[in-house]
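Given the sequences, and given the hints that come with them, work out the whole structure.
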Amino acid sequence: MKKQKTSVSRKIFLACNYTLLVLVCLSCVLPFVHLFAISLSGRPAVAAGKVTFWPVEFTLSSYEYAFKKGDFMRALGNSLVRTFLGTMINLILMVLTAYPLSKDKSRLMGRNIYMAFFVFTMLFSGGMIPTYLVVSKAGLKDTIWSMILPGALPVYNMIILMNFIRGLPEELQEAARIDGASEFQLLYKVVLPLLKPSLATVGLFCIVGHWNDWFSGIIYLNDRAMYPLATYMQSLLRSFESLMRQAGADYRQLASQINVRTGRAAQLFLGALPVMVVYPFLQKYFTSGLTLGSVKG
Amino acid sequence: MKHIKKRIRREWQMHLMLLPGILLILIFSYIPLYGLVIAFEDYNPGRGFSSPWVGIKHFQFLFSQPNFVRTIWNSLYIAVFKMLGGILTSVVFALLLNELGNKILKRIFQTLIYIPNFLSWVILAGILTDLLAVDGLVNQALQAFGMNPVNFLGSPSIFPWTMILSDIWKGFGFGTVVYLAALTAIDPELYEAARIDGAGRLSQTRYVTLPMLAPTIVLMLVLALGGVMNAGFDQIYNLYAPVVYKTGDIIDTYVYRLGITQAQYSVGTAVGLFKSAISLVLVVSSYKLADKLANYRIF
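Protein chains in written order, with numbering that gives the first Met the number 0: chain A, 0 to 296; chain B, 0 to 298.
Please keep in mind that the hints were generated in silico from the structure rather than gathered at the bench. Here the structure is a predicted model, which means the values were calculated and not measured. Check the hints yourself; a few may be wrong.
Taking lysine-lysine and the DSSO-like style, the derived pairs with C-alpha atoms no more than 27 Å apart in a straight line are [as the list claims (entries may be wrong)]:
1) B/K105 - A/K102
2) A/K102 - B/K5
3) A/K136 - B/K56
4) A/K188 - A/K67
5) A/K104 - A/K10
6) B/K102 - A/K10
7) B/K5 - A/K188
8) A/K102 - B/K4
9) B/K287 - A/K10
10) A/K188 - A/K102
11) A/K104 - B/K105
12) B/K56 - A/K104
13) B/K1 - A/K102
14) A/K104 - B/K1
15) A/K104 - B/K287
16) A/K104 - B/K102
17) A/K195 - A/K102
18) B/K56 - B/K245
Covered stretches of chain B (chain A as the covering partner; in silico rule of three or more C-beta atoms under 8 Å from a C-beta of chain A) [as the list claims (entries may be wrong)]:
19) 3-14
20) 91-105
We put the beta carbon where it would ideally sit given N, CA and C, even for glycine.
Here it is in structure tokens:
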């Protein structure tokens, strides 16, 4: 393709192409720059609409407020606990389910029935309200388990993992089986080590899923102190003003220097940061996960 | 009989491994599935899923409600344009990016357009409410170019398009990466042959690239079809307001308000059941189509 000589029309095309691509990339980046600039600007400047992509009347008050007032840090802590615990449970259940299902029905009695049992839940579900009623009846409301147990076995990711196990060479497992290893030993000592790359892929799906999930917090938790970060952020969207009004005497001084927009911007930026930082590393896994899931016939 | 005993002795550990997953799915997927019966009952907290039977009363009520019929239309309208717009934008940008000779620059562009895809709608909604406010940055820019400010989030006629375009903006980076992967798989000899036949850049795109890309496009389209009833709860719930209910209220937001906020469990479930039933038909036919047209199987 390089051999082709560059004609005038080609040059014009390339110039337009670059311009368009740069503009589109800017549209994906500038909103975050704007958010960051607002979070670092002074209250009067923001109120007057003077801030675009560079902080005006630079101040760190909004961040100071976020860190000093306990809500944000507590929500961050809740999110870390929930994401860690939730992902661990996801991974354990996915491995335990994917391994037997990777055998065919001559090796596992009723394999296809089990499979249909799991797949059906992807096609048809009870939906929001019956699920809500079951979780409430089970007494999980206002506990961390309401956000973890209902989705504890992500079926789609489990199938990705199952397809991966199927691609592993049988010989190793067979050899261990002849040596008298039990299925549990086999799974733990032979299969699991080979599974690391794909566990990383599905694990990352689970991490991002838990980190970004705000909805279960909204419907199952009444106590704001238990909110994970995403749920806390969601509640900020509508009620930052009233929250600031409730700020205790210690924070009133600080609260007077920031306004709704700067305060919210700082917290949104902090909330987006973890995902933005790890995202270049995630990117590779997300595309590989897409190809893992497919079995081309 | 002896045979079965032997198999159980050999396989019991694997069945044991399946047990925790089966129990959880049973409790949190199959019991709610059974719970759909409350769509035909008058839900009573004391009696739970075996409340008094009322048949299709709630469905009759729903279809007499203009609000409900409206949400179906809104959901389809928003979802269809999101789907078509998303695929079109992704294909166009994959083609444009593919024209870049510079690998590093290509990589940078690809990374940047992928950013919004990873952030939750909660965070994006926070940013968009700020950017798209009547006195926000976008409107300041419009006014600088001498245009009238637009009420992106508060005007019923504009709101659905704000949703469609912002969803495309969030998601097209992902699609672009998928199509770019498909583009790099095209055999360079095909282009060589086309050039020998005197095809210019444009004809090469028209007669080589697009036909080679067609299976991937069809696959993505077909898989998206299954989600047509999902117009995007996370996005719309975080951006809408009563002012735009007329055009912006979708099935899922309606279920939420009815079922969770107003605690009308039976009516809410009836709406949910209606949606799940249509979704089931769509998902099954889309998987069938994907298998037939693109030879793609998920299971």
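Each hint, compared with the structure:
1. B/K105 - A/K102: violated (42 Å)
2. A/K102 - B/K5: With Cα atoms ~17 Å apart, A/K102 and B/K5 stay inside 27 Å; holds.
3. A/K136 - B/K56: At roughly 25 Å apart (the allowed maximum being 27 Å), B/K56 and A/K136 satisfy the hint.
4. A/K188 - A/K67: Not satisfied, since the Cα-Cα distance of roughly 47 Å exceeds 27 Å.
5. A/K104 - A/K10: violated (60 Å)
6. B/K102 - A/K10: holds (18 Å)
7. B/K5 - A/K188: With a Cα-Cα distance of about 25 Å, the restraint between B/K5 and A/K188 holds, given a limit of 27 Å.
8. A/K102 - B/K4: holds (19 Å)
9. B/K287 - A/K10: violated (45 Å)
10. A/K188 - A/K102: At roughly 17 Å apart (the allowed maximum being 27 Å), A/K102 and A/K188 satisfy the hint.
11. A/K104 - B/K105: violated (47 Å)
12. B/K56 - A/K104: Not satisfied, since the Cα-Cα distance of roughly 45 Å exceeds 27 Å.
13. B/K1 - A/K102: OK: B/K1 and A/K102 at ~22 Å, within 27 Å.
14. A/K104 - B/K1: Holds, because 18 Å separates the two Cα atoms, which is no more than 27 Å.
15. A/K104 - B/K287: Since the Cα atoms of A/K104 and B/K287 sit roughly 24 Å apart, the hinted pair holds (cutoff 27 Å).
16. A/K104 - B/K102: The given pair, whose Cα atoms are some 47 Å apart, is violated under the 27 Å limit.
17. A/K195 - A/K102: Since the Cα atoms of A/K195 and A/K102 sit roughly 19 Å apart, the hinted pair holds (cutoff 27 Å).
18. B/K56 - B/K245: holds (25 Å)
19. 3-14: holds (count 7)
20. 91-105: Per the Cβ count (6), the hint holds.
Hints 1, 4, 5, 9, 11, 12, 16 from the list above are not met by this structure, while the remaining hints are.
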